[in-house]
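Chain order of the listed sequences is V and W. According to this note's numbering, the first sequence is numbered sequentially starting from 1. According to this note's numbering, the second sequence is numbered sequentially starting from 260.
Simulated from the structure, these hints should not be mistaken for lab results. Hints may contain errors.
Here are the computed lysine-lysine pairs in the DSBU-like style, where the Cα-Cα straight-line distance is at most 30 Å [to be verified]:
| no. | chain 1 | residue 1 | chain 2 | residue 2 |
| --- | --- | --- | --- | --- |
| 1 | V | Lys112 | V | Lys61 |
| 2 | W | Lys373 | V | Lys214 |
| 3 | W | Lys433 | V | Lys196 |
| 4 | V | Lys140 | V | Lys206 |
| 5 | W | Lys433 | V | Lys188 |
| 6 | W | Lys433 | V | Lys175 |
| 7 | W | Lys311 | V | Lys61 |
| 8 | V | Lys39 | W | Lys311 |
| 9 | V | Lys139 | V | Lys256 |
| 10 | V | Lys39 | W | Lys373 |
| 11 | V | Lys196 | W | Lys373 |
| 12 | V | Lys99 | V | Lys245 |
| 13 | W | Lys373 | V | Lys112 |
| 14 | W | Lys373 | V | Lys188 |
In silico contact screen, one side only, chain V against chain W (beta carbon under 7 Å); selected entries [unchecked claim]:
| no. | residue |
| --- | --- |
| 15 | Phe12 |
| 16 | Leu24 |
| 17 | Ile35 |
Calculated from the model, a selection of chain V residues having no Cβ within reach of chain W, i.e. all distances over 10 Å [as the list claims (entries may be wrong)]:
| no. | residue |
| --- | --- |
| 18 | Asp55 |
| 19 | Pro62 |
| 20 | Ile127 |
| 21 | Asp164 |
Using N, Cα and C, we set each Cβ at its ideal position, and we do this for glycine too.
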Amino acid sequence: MNKNSNTYVVLFAASVCVVLAAGLAATFHGLKTRIDSNKLFDKQRNVLIACGLYDPTAGEKPRADLEAMFTKVQPKVLEFFKSEVEEEYRERGELRKRKVNKITRAEDSGIKLEDLEKERRKNPDRILGEVYVAEDGGKKIYCIPISGYGLWSWLYGFLALEEDRNTVRGITFYKHGETPGLGGEVDKAWWQNNWKGKKIHDSSGKLVSITVLKGQGNEFAPDGHKVDGISGATITSNGVTKFVKADLKKYEVYFKGVN
Amino acid sequence: MTATVDTLVEAKPKPSFFGKKEKRAVLDPLWDDNPISLQVLGICSALAVTIKVEQTLFMCGAVIFVLCMSNVLISLMRDLIPNNIRIIVMLTVISSVVTIVSLILQAYAFDISKALSVFVGLIVTNCIVMGRAEAFAMANRPWRSFLDGLGNALGYTWILIAVAVFRELLGDGKVLGARIIPESWYMDQGGWYVNNGLMVLAPGAFILLGVIIWIQRAISGYSEDN
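Make a model of the complete structure from these sequences and hints.
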């Protein structure tokens, strides 16, 4: 057969694709359980880091130790319910009222953490979310997942709050596709440490969340609601600001109900 | 892919197992025809993954595997590949091999695969891999192509490791995570020494790479003119 005929080219290209795709599928299938268990452990490790229970910069710990530590953390899957509420807003100086759908109730759903993804796929309409409750020196720590869009990618991480559910204890990111060296620095300790001790509520108790801004190192130290951003990563920083606020809003009803 | 690389065209049908040409295929890229210092290919990853020696070793291992595998696979298929779609076929083969490497890293060295982030995937676009497939594997037998891939990957490896050793030593005071510069020398411990922060950044790698190319060309007497 003529090697440059169209039929040959098409047949050759198709068979190369089929053979390579089969090879890739087989490799993926063979390694899937290992990769999944690595990913799960990575998440658990990041919960421990966000909660301030493990600091890899002070010395790495073996996987078995961390897994043992994680067994003391209590994960809970919450279900959030929306209902219509009246909200006041301002339009051209006039105070008006409108009805909005807001999350008003959070309940323990009873779903196990390992079944969360399955349940989400089965019932995409249910608003679910996990919370990890840890303890350090008799005080509780609440760790919630945060995720949202940065510049190139969806970022996934955890935000841990102190027992008062107001002070940030730690933040981590375990999965993202931001530019290494710029937005990718969100997964580095030097930046995450800036979040520690910041407050998510203002003095009147209103949720203001935390804004990532351009500024000099300690300029924001007295202001508890701002974090110094990363140079060259404005869009990632704005993304983080946005989704941290959205996630905190979602969990606010739960935090209010905890005693 | 603008590299000028010499293709070793088979003259006789009976090649020896490790004759002169095989030797050249492995040894040339190490020094006389080094992909990084002479052909100046694959610089992007040379700057990005050389902060720590450990990461560099895994990256180089991945590149060795990808180069050898892609060269052998392309060489095996070389008589079947239609000329007008050969680049696409090569790219498909290379990306499949890279994906396999990336999956293996995720399964057996998860932390490293996270630290290398996008750079494992970017091996696909490493000009050395494509360049060798086009310039060598398309015209040579699998065994010789394997040796050529190995030689080029090793030429890439030794330069990267040299850069990484200096970057980790000067930027962090360590090599392979083991402390070389004693803690007591440091300024904050009451000593006189400060890490060179530039070495942790990409420009530090650029400077080191320039110095290595300079030294190598001074020894080998290479000049752009001839």
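Tested hints:
Proximity of Lys112 of chain V to Lys61 of chain V is assessed by CA-CA distance (about 27 Å); at most 30 Å being required, the pair is judged to hold. Using a Cα cut-off of 30 Å, the hinted pair Lys373 of chain W and Lys214 of chain V holds, with the two alpha carbons roughly 27 Å apart. Annotation: proposed proximity of Lys433 of chain W to Lys196 of chain V holds, straight-line Cα distance about 29 Å (limit 30 Å). For the proposed pair Lys140 of chain V and Lys206 of chain V, the alpha carbon gap of about 22 Å is at most 30 Å, so the pair holds.
The straight-line distance between the Cα atoms of Lys433 of chain W and Lys188 of chain V is roughly 19 Å, inside the 30 Å bound, and the hint therefore holds. At most 30 Å may separate the alpha-carbon atoms for a hinted pair to count; Lys433 of chain W and Lys175 of chain V meet this at roughly 28 Å. Taking the CA atoms of Lys311 of chain W and Lys61 of chain V, the gap is near 20 Å; set against the 30 Å cutoff, the hint holds. Annotation: proposed proximity of Lys39 of chain V to Lys311 of chain W holds, straight-line Cα distance about 23 Å (limit 30 Å).
Restraint check: the Cα-Cα separation between Lys139 of chain V and Lys256 of chain V comes to about 17 Å, which is no more than 30 Å; the hinted pair holds. Straight-line distance between C-alpha atoms of Lys39 of chain V and Lys373 of chain W comes to about 11 Å, which keeps the hinted pair within the 30 Å bound. For the hint linking Lys196 of chain V to Lys373 of chain W, the alpha-carbon distance of about 24 Å falls within 30 Å, and the restraint holds. Between Lys99 of chain V and Lys245 of chain V the CA atoms are separated by roughly 21 Å; this keeps the pair inside 30 Å, and the hint holds.
This hinted pair checks out: Lys373 of chain W and Lys112 of chain V have alpha carbons roughly 28 Å apart, not beyond 30 Å. For the suggested pair Lys373 of chain W and Lys188 of chain V, the alpha carbons sit about 12 Å apart, so the restraint of at most 30 Å is met. The closest approach between the C-beta of Phe12 of chain V and any C-beta of chain W is roughly 6 Å, which is under the 7 Å cut-off, so the hint is satisfied. With 7 Å as the threshold, the beta carbon of Leu24 of chain V comes within range of chain W, its nearest partner Cβ sitting at about 6 Å, so the hint holds.
At a threshold of 7 Å, the smallest CB-CB gap from Ile35 of chain V to chain W is about 5 Å, leaving the interface hint in force. Distance check for Asp55 of chain V against chain W: the nearest CB is about 16 Å away, which clears 10 Å, and the non-interface claim stands. Even its closest Cβ contact with chain W, about 12 Å, leaves Pro62 of chain V beyond 10 Å, as expected for a residue assigned away from the interface. Under the 10 Å C-beta cut-off, the non-interface status given to Ile127 of chain V relative to chain W holds; the minimum distance is some 30 Å.
Distance to chain W confirms Asp164 of chain V as a non-interface residue, since its nearest Cβ pair spans about 33 Å, more than 10 Å.
This entry satisfies every hint, going by the numbered hints stated previously.
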